[in-house]
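The whole structure should be built from the sequences, with the hints applied where relevant.
Protein chains in written order, with this note's numbering: chain A, 601 to 854; chain B, 601 to 854; chain C, 601 to 854; chain D, 601 to 854; chain E, 601 to 854; chain F, 601 to 854; chain G, 601 to 854; chain H, 601 to 854.
If you are wondering where the hints come from, they were derived from the structure by calculation, not from laboratory data.
A quick note: this is a predicted structure, and the numbers were derived from the prediction, not measured.
Worth double-checking, as some hints may not be accurate.
Derived BS3-like pairs (lysine-lysine); straight-line CA-CA distance at most 25 Å [what the hints assert, rightly or not]:
id, chain 1, residue 1, chain 2, residue 2
1, E, K614, H, K615
2, F, K614, C, K614
3, H, K685, H, K665
4, G, K614, B, K615
5, F, K685, F, K710
If we take Cβ atoms under 10 Å as the criterion, some of the chain H residues that face chain E in the derived model are [said to hold, decoys possible]:
id, residue
6, R607
7, L610
8, D616
9, I620
10, T623
11, K665
Note that CB positions come from ideal geometry on N, CA and C, so glycine has one too.
8 protein chains.
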Amino acid sequence: MDQNYLRELLNSLKKDEITIEDTIDILKKLPFEDLGYARVDHHRSLRKSQSEVVYCEGKEPEQIKGIVEALARSGENILLTRAGKEVCAALESTGLPLTYYPSARLIMIKQRENSVLCGNILVITAGTADLPVAEEAALTAEFMGNRVERLYDVGVAGVHRLLTYQDMLDKAMVIVVVAGMDGVLPSVVGGLVDKPVIAVPTSVGYGASFGGLAALLTMLNSCASGLGVVNIDNGFGAGYLASIINKQSGSTVK
Amino acid sequence: MDQNYLRELLNSLKKDEITIEDTIDILKKLPFEDLGYARVDHHRSLRKSQSEVVYCEGKEPEQIKGIVEALARSGENILLTRAGKEVCAALESTGLPLTYYPSARLIMIKQRENSVLCGNILVITAGTADLPVAEEAALTAEFMGNRVERLYDVGVAGVHRLLTYQDMLDKAMVIVVVAGMDGVLPSVVGGLVDKPVIAVPTSVGYGASFGGLAALLTMLNSCASGLGVVNIDNGFGAGYLASIINKQSGSTVK
Amino acid sequence: MDQNYLRELLNSLKKDEITIEDTIDILKKLPFEDLGYARVDHHRSLRKSQSEVVYCEGKEPEQIKGIVEALARSGENILLTRAGKEVCAALESTGLPLTYYPSARLIMIKQRENSVLCGNILVITAGTADLPVAEEAALTAEFMGNRVERLYDVGVAGVHRLLTYQDMLDKAMVIVVVAGMDGVLPSVVGGLVDKPVIAVPTSVGYGASFGGLAALLTMLNSCASGLGVVNIDNGFGAGYLASIINKQSGSTVK
Amino acid sequence: MDQNYLRELLNSLKKDEITIEDTIDILKKLPFEDLGYARVDHHRSLRKSQSEVVYCEGKEPEQIKGIVEALARSGENILLTRAGKEVCAALESTGLPLTYYPSARLIMIKQRENSVLCGNILVITAGTADLPVAEEAALTAEFMGNRVERLYDVGVAGVHRLLTYQDMLDKAMVIVVVAGMDGVLPSVVGGLVDKPVIAVPTSVGYGASFGGLAALLTMLNSCASGLGVVNIDNGFGAGYLASIINKQSGSTVK
Amino acid sequence: MDQNYLRELLNSLKKDEITIEDTIDILKKLPFEDLGYARVDHHRSLRKSQSEVVYCEGKEPEQIKGIVEALARSGENILLTRAGKEVCAALESTGLPLTYYPSARLIMIKQRENSVLCGNILVITAGTADLPVAEEAALTAEFMGNRVERLYDVGVAGVHRLLTYQDMLDKAMVIVVVAGMDGVLPSVVGGLVDKPVIAVPTSVGYGASFGGLAALLTMLNSCASGLGVVNIDNGFGAGYLASIINKQSGSTVK
Amino acid sequence: MDQNYLRELLNSLKKDEITIEDTIDILKKLPFEDLGYARVDHHRSLRKSQSEVVYCEGKEPEQIKGIVEALARSGENILLTRAGKEVCAALESTGLPLTYYPSARLIMIKQRENSVLCGNILVITAGTADLPVAEEAALTAEFMGNRVERLYDVGVAGVHRLLTYQDMLDKAMVIVVVAGMDGVLPSVVGGLVDKPVIAVPTSVGYGASFGGLAALLTMLNSCASGLGVVNIDNGFGAGYLASIINKQSGSTVK
Amino acid sequence: MDQNYLRELLNSLKKDEITIEDTIDILKKLPFEDLGYARVDHHRSLRKSQSEVVYCEGKEPEQIKGIVEALARSGENILLTRAGKEVCAALESTGLPLTYYPSARLIMIKQRENSVLCGNILVITAGTADLPVAEEAALTAEFMGNRVERLYDVGVAGVHRLLTYQDMLDKAMVIVVVAGMDGVLPSVVGGLVDKPVIAVPTSVGYGASFGGLAALLTMLNSCASGLGVVNIDNGFGAGYLASIINKQSGSTVK
Amino acid sequence: MDQNYLRELLNSLKKDEITIEDTIDILKKLPFEDLGYARVDHHRSLRKSQSEVVYCEGKEPEQIKGIVEALARSGENILLTRAGKEVCAALESTGLPLTYYPSARLIMIKQRENSVLCGNILVITAGTADLPVAEEAALTAEFMGNRVERLYDVGVAGVHRLLTYQDMLDKAMVIVVVAGMDGVLPSVVGGLVDKPVIAVPTSVGYGASFGGLAALLTMLNSCASGLGVVNIDNGFGAGYLASIINKQSGSTVK
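Set out below in structure tokens:
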């Protein structure tokens with residue numbers, strides 16, 4: 601709650617520009633817009649200082665269209681995650697400037713330019729099959745104004761491959777490591793650097809990978825310090841966390 | 601691998617100050633000290649830019665003493681985690697400057713002063729029983745040169761308690777949230793701030809908490825963005841990650 | 601077993617209006633109707649004081665039709681849960697007054713009016729994707745004669761959203777809270793009210809949500825008191841339990 | 601937040617009895633008492649309309665003593681759960697009126713009389729080994745002003761045992777059913793009554809009971825409607841939920 | 601190994617009708633027929649005293665046809681389990697006397713009459729959705745020469761339904777109880793009878809039934825004695841076990 | 601409920617030897633004896649045709665003593681399972697004829713002789729460490745009047761060991777197979793015989809045996825037909841089930 | 601890193617044929633070919649002394665084609681695993697010599713002849729449904745130059761079937777045992793031989809096989825010594841491990 | 601079964617030196633020695649070509665003593681695993697030449713010298729806490745006649761540590777890699793070598809390591825080929841498997 605706004609409100613009350621009961625009512629009314637099936641929260645971008653994000657899975661395309669139209673009125677940029685083709689189709693009639701990334705299942709609606717943050721975010725994958733999740737992370741970070749470098753398919757089956765990219769590791773402010781199957785790569789990267797590593801397990805694998813559980817447990821139990829883990833296949837969450845860490849570092853590039 | 605060292609080495613080779621075979625040998629010999637049961641790695645603090653950390657669980661007190669004595673020769677600070685009383689007793693004869701935190705099971709050996717980082721780290725707990733893990737996180741961060749604030753026992757059973765501390769949330773550079781049982785607190789904190797939140801599940805609880813699994817899953821599935829999760833009861837890992845995020849932000853306090 | 605009925609029966613026996621063997625037979629014959637594949641229990645609505653409910657999953661449409669026709673003869677209202685379109689189609693030829701709710705997968709057959717209970721039931725969801733389960737709960741409660749209010753998409757990612765609806769929380773006799781992913785919302789609601797909260801985990805989510813397990817465990821381990829939990833996606837069970845709690849409170853509205 | 605209090609506060613502001621800045625400060629200061637390790641929340645009993653409850657597991661006896669002394673100043677009744685002997689010993693010097701129930705691990709501190717609620721709560725166990733959890737539920741409900749009946753050791757191995765107690769089932773407003781091993785009893789009770797049943801799985805059992813998981817799953821999947829489930833061994837939660845359901849029914853006994 | 605056969609063989613050896621090396625070879629050659637992908641074991645029906653059973657899941661229809669034709673040459677009856685329509689189609693050209701039960705996914709090939717065993721096997725289900733598994737059990741037992749009675753849809757949601765069928769319970773030699781969801785019925789039946797009960801969990805259910813795991817655990821932890829449990833949905837195994845128990849009881853009917 | 605008793609009762613009613621209200625009362629009063637903490641069911645041995653069994657785990661020694669004394673008045677034999685030394689000590693003052701088997705944790709109280717059943721029960725173990733569970737099974741079966749043979753330590757690590765005991769396998773009416781670790785033995789035995797095999801997983805093992813879960817799953821998934829599985833370490837349940845199967849076979853020995 | 605190459609490089613440096621900075625650059629540049637989505641590692645076959653293997657699951661057919669074309673330039677043999685028809689189709693236009701094994705989902709590209717290793721590898725399956733995994737193992741081993749014998753469908757339901765093949769067991773250098781459901785066969789084989797056994801659990805089964813978990817746990821807990829276990833359905837891994845064990849034995853056949 | 605022995609036996613039969621019935625009896629009597637609780641199998645060392653191994657967990661010290669004395673009569677070497685101090689004490693009175701390794705919980709009884717195998721076995725650990733399991737593996741391999749090298753505490757937190765030991769990796773015939781927590785090390789080693797790697801997960805860790813499950817799953821899902829996995833903490837099994845692989849390679853050292 602904003603103290604200035606509160607101060608003005610109480611001032612108005614004191615000046616009899618507003619009654620006590622109205623003041624109470626105002627204190628209760630927060631600026632939601634009600635679509636029936638979803639409460640659109642226009643102040644979210646102020647409070648969380650970010651553009652809007654809509655998670656599409658489990659929502660009807662028509663519901664998503666309604667939410668997006670309500671959000672778009674504010675002129676904000678909007679990111680839609682886990683968005684299938686049918687979502688993209690439903691949004692076309694809105695006339696909003698869409699970009700669709702089918703492999704990452706992301707839709708970006710860019711209505712204004714972000715300023716670009718200084719630090720680099722490096723996104724690494726163990727294998728080629730981890731690309732969709734990695735792209736979800738990388739594109740999310742780019743959407744939020746970060747410069748992103750990609751280093752794909754450097755899995756531990758040949759750890760020497762990774763060692764040749766020490767420069768990229770050194771240059772990054774935050775590193776996102778995406779890996780399925782044994783989920784070993786974040787531990788190896790974490791042992792080589794002295795910066796935040798965000799570990800993203802993927803559901804790539806079969807048998808005793810149990811849909812990414814094996815990779816998740818590997819990362820949670822990592823012997824390397826400095827790792828934070830996100831949910832299986834949660835590329836968006838990793839990109840988002842990387843971005844707010846990068847933002848904390850302000851304008852300085854180490 | 602340090603390029604300057606490499607350059608000097610190759611220069612010496614060129615100047616015939618060293619033979620090819622000796623050069624190969626030197627390239628292979630890395631500066632380990634071998635205690636038989638543990639390889640003490642003196643260059644770790646250079647490479648990872650941190651003081652040394654010794655994880656005590658599963659090691660014999662005499663083994664730990666040997667490791668600590670080897671490390672201490674470098675003049676580094678040393679942090680011992682998961683250290684019981686018997687470890688403390690075994691170290692006493694070393695004459696090193698020990699401080700023991702029994703509830704957090706930490707031992708600090710401070711041989712030189714760290715410079716202090718600017719940003720605050722805020723450590724929050726849901727309940728009183730989460731204190732040992734929270735203290736492990738807070739003390740680790742302090743050991744690594746961070747200023748730490750503590751906000752304990754503000755669990756969601758009374759979410760209004762937390763809302764009265766918005767100022768502390770605003771001031772912090774990174775927030776560590778420690779919670780057992782339902783593990784709900786990090787989600788609530790994550791919904792209120794726009795900065796990195798490190799979520800630490802604890803094994804506090806009974807029945808279907810399954811030793812912290814319930815809290816862990818809650819945190820991994822959080823609807824709030826910007827969370828990174830560490831292992832159950834891993835206060836050290838959370839403090840360490842918070843510290844390197846804080847360090848990335850250099851000297852600026854937002 | 602009804603003592604009055606027993607008393608009359610024994611009286612008849614004493615008056616030689618019935619033989620001992622017939623008495624024994626009557627004591628054994630309970631009023632089932634046998635369709636071969638399902639025993640239709642006409643007295644259930646007396647015993648449990650409710651209308652009839654048919655769980656459709658795993659039953660053939662023709663079986664369901666037979667069961668419904670047998671039940672309908674009594675003039676009772678009938679609720680069909682987990683009913684797909686093919687069930688709806690199979691029932692059309694019965695000429696019974698059907699209403700189909702496809703998202704909630706419910707079919708209501710209303711042959712007589714329920715009296716309406718006084719207390720309100722409030723159904724809350726964390727997100728838009730939880731709507732089908734929430735509607736199953738809300739419609740079930742309405743079918744059983746309750747007034748239902750809905751408060752959807754007030755998830756904890758913005759907990760302040762919920763706080764603006766304190767009035768609705770205060771007015772309700774029982775609250776049903778439906779949430780997937782981290783399942784955090786029931787804990788937050790439970791911390792704000794002093795009335796029964798029925799927590800319904802949903803299978804909304806991915807990765808380590810493990811089909812709703814994460815949300816279920818969160819709710820079972822809630823730090824807030826006064827929660828009763830039902831099975832994952834069991835909107836019907838939540839609506840039913842809310843209804844019989846509401847019914848216990850008789851005609852008084854607090 | 602209490603509207604009356606808010607109204608008075610704003611009135612004082614209007615009457616210049618208080619400044620704007622002080623009003624803002626008051627709005628921010630909530631009535632916590634800070635013990636360093638635990639925030640004691642004196643308004644909780646108003647907000648949740650209950651006496652205070654202290655969960656003891658994982659807290660140091662001295663911490664608990666401090667919390668209890670702070671709470672006791674308000675004259676409230678206090679219930680301590682999961683309290684071992686050492687807690688009881690630590691509290692003796694406070695001079696407060698303690699009653700200790702070692703099997704249920706409860707301590708009651710009664711400083712004033714509750715009014716007694718009209719409806720009965722019936723607590724049923726499957727076996728003798730479930731008694732500690734059942735007593736935790738029953739004593740909690742009694743502490744909160746409910747009349748409690750107990751029906752112990754009527755497990756399904758002889759389901760006819762239960763049928764002879766139909767009268768007790770009929771008389772109760774809410775029924776708590778406590779069962780370990782196969783956890784079958786709540787399903788059977790739920791099939792016989794038309795009132796809220798709170799199912800409490802216990803960790804009684806061995807092998808594939810997996811610490812109460814088997815009983816928990818049985819109850820969550822119950823074919824009988826009207827069940828709400830609480831955590832394994834959570835007698836307190838069951839007694840608490842039963843009590844607030846009973847309270848909703850006001851003064852009428854059906 | 602049959603001692604008589606061994607005796608004759610050794611006699612032949614002694615009488616020089618066979619050489620030592622040939623004797624060794626005969627001792628090694630067991631009467632398999634090799635189809636490349638499956639070893640058809642003609643002596644199985646002698647050794648296990650049963651007709652042949654072919655488990656179809658995961659086998660190609662053409663493979664199954666080959667196996668059946670090889671087995672059929674012996675004139676034995678053959679039972680095919682988990683058989684889809686495509687298996688039935690593949691077998692039609694064999695000209696063997698097939699009967700297909702699509703719901704139970706069984707195909708019977710009866711080339712000769714079994715003698716009928718005296719004791720009854722009673723197959724009970726909790727719900728209508730458990731019928732396919734129950735029929736798999738019942739038909740298997742009938743195929744093996746047992747008289748089978750069926751008592752379907754007597755689940756515990758109305759336990760009184762079951763009590764009216766005490767006669768059927770009393771008459772049976774073995775009882776097979778099939779139940780999904782909470783899996784409570786075998787415990788209730790087991791508490792009412794003094795004879796072997798074979799408990800069959802089914803995958804009927806949703807959410808925390810975890811594909812039948814909940815029902816399986818309930819049955820394994822049953823408080824009632826005298827239960828043997830088979831795999832989830834394993835109607836065949838239950839019918840087979842019931843049959844060999846019934847066979848042990850010889851010609852007497854109790 | 602016994603029809604003869606009912607018939608006599610109704611006769612008495614008709615003859616005015618008893619009033620209607622008394623008849624109703626008698627129908628309701630079942631012959632329990634109430635000890636407060638446990639309902640002792642004297643008719644159980646009639647209904648289930650067995651001696652009494654008391655499961656001791658989780659019961660106080662004094663409670664057990666009370667239950668045993670109440671049961672003993674009927675002159676029945678009593679079996680106490682999961683009985684530690686302290687139970688044995690508590691029972692000594694009763695003067696009842698106790699035999700204690702510490703490894704199997706059984707206490708037998710024999711007040712009268714059972715008739716001996718004809719068929720043999722064979723109890724097999726994979727290893728020496730499975731003996732306590734096997735003895736619990738064997739002694740339970742002997743207590744219930746069965747002749748028991750034991751074949752211990754014939755695990756599959758040397759499957760040829762088992763083949764040399766084909767005679768014992770052939771002679772038995774029912775076979776109980778007890779195995780921990782991989783739980784392989786019941787599958788092998790089940791492949792060699794054509795009679796009921798009761799599989800008992802034990803918690804013997806370490807690591808991925810997960811307290812017997814591995815052995816349990818092996819047995820439930822057995823490729824051999826004719827297996828019924830009981831809970832982990834449930835020797836009593838296996839002995840009981842074996843006994844009632846043996847009893848079904850009446851007086852004939854095959 | 602190859603010492604000879606290093607020696608030559610340093611020699612060149614000494615002879616001024618190369619500068620220090622170029623030497624440093626060469627030490628850093630490893631011979632990868634970068635396709636954007638996958639780093640093709642031409643030196644892998646030297647380092648690991650094997651042909652190339654491409655795991656196809658989760659990769660786009662066009663990506664796979666690109667990888668294969670890059671690898672094929674070296675003249676190496678290439679094995680593609682988990683390859684569906686669409687992969688085969690995508691590779692056709694490359695003109696490379698493909699052989700496709702649809703059941704095993706393998707594609708072999710043979711550009712040169714391997715020398716054949718002396719020792720035999722024996723691949724055994726429990727059932728016919730395990731064939732695809734077994735063929736993946738067998739074909740992988742053949743691709744790597746091993747002679748492979750197959751012994752299929754000798755599951756433990758008839759353990760005597762296996763005993764007749766002692767000769768094949770004796771002749772093999774390594775044995776791969778493939779089994780689903782109870783996963784018992786590797787334990788039995790392991791008890792009969794004194795050579796390395798590679799156990800491969802398959803996902804064949806239903807219910808409590810939990811996608812191969814049951815078989816996996818059986819094998820990990822095997823009482824027989826000398827077993828190494830690979831992932832569920834990992835026929836490739838088993839064939840690969842068998843091959844490198846066989847290769848270690850050089851040219852001698854025991 | 602030994603064909604020569606069989607041949608002689610049948611020859612004796614032919615020469616009338618033995619009767620048919622005696623021949624049958626001999627064929628049935630295998631050379632077991634029966635101690636009541638354990639069948640001692642003197643021919644095991646012939647059949648499996650190894651010395652004897654006794655697994656001590658769950659066996660009484662007196663039972664173990666009996667087994668050892670029976671085995672020792674053959675003059676074989678004996679290895680006792682999972683042996684606590686009390687086992688050592690019980691064996692002292694036997695006068696056999698014992699060596700006790702308390703950390704590895706092994707007892708060796710060496711009655712004759714093994715010939716030494718040529719190839720090296722290398723045992724690697726990730727951390728110091730993995731030593732007991734690693735020593736169990738190393739000592740087992742030495743007991744079986746292998747030369748063993750140890751490389752301890754080279755965990756991935758500093759993967760460069762491992763790279764400096766490429767020589768040791770190159771020299772070994774088989775490598776055993778022991779790791780707890782994240783279990784990453786075997787994947788890294790497997791990526792560096794082209795020889796059999798036996799991966800041993802340990803229970804070292806806490807929280808989401810779930811007693812070694814995390815490490816186990818990591819290893820089973822390893823992206824590196826050529827790994828065989830054994831049970832958690834199964835150092836013995838790893839040493840045994842390494843030894844028989846080494847033995848297969850005969851006398852040649854590559």
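Hint by hint, here is what the structure shows:
no., hint, in the structure
1, E/K614 x H/K615, "8 Å, holds"
2, F/K614 x C/K614, "5 Å, holds"
3, H/K685 x H/K665, "13 Å, holds"
4, G/K614 x B/K615, "8 Å, holds"
5, F/K685 x F/K710, "19 Å, holds"
6, R607, "6 Å, holds"
7, L610, "5 Å, holds"
8, D616, "8 Å, holds"
9, I620, "5 Å, holds"
10, T623, "6 Å, holds"
11, K665, "37 Å, violated"
Violated hints amount to a single one, hint 11; each of the other numbered hints is respected by the structure.
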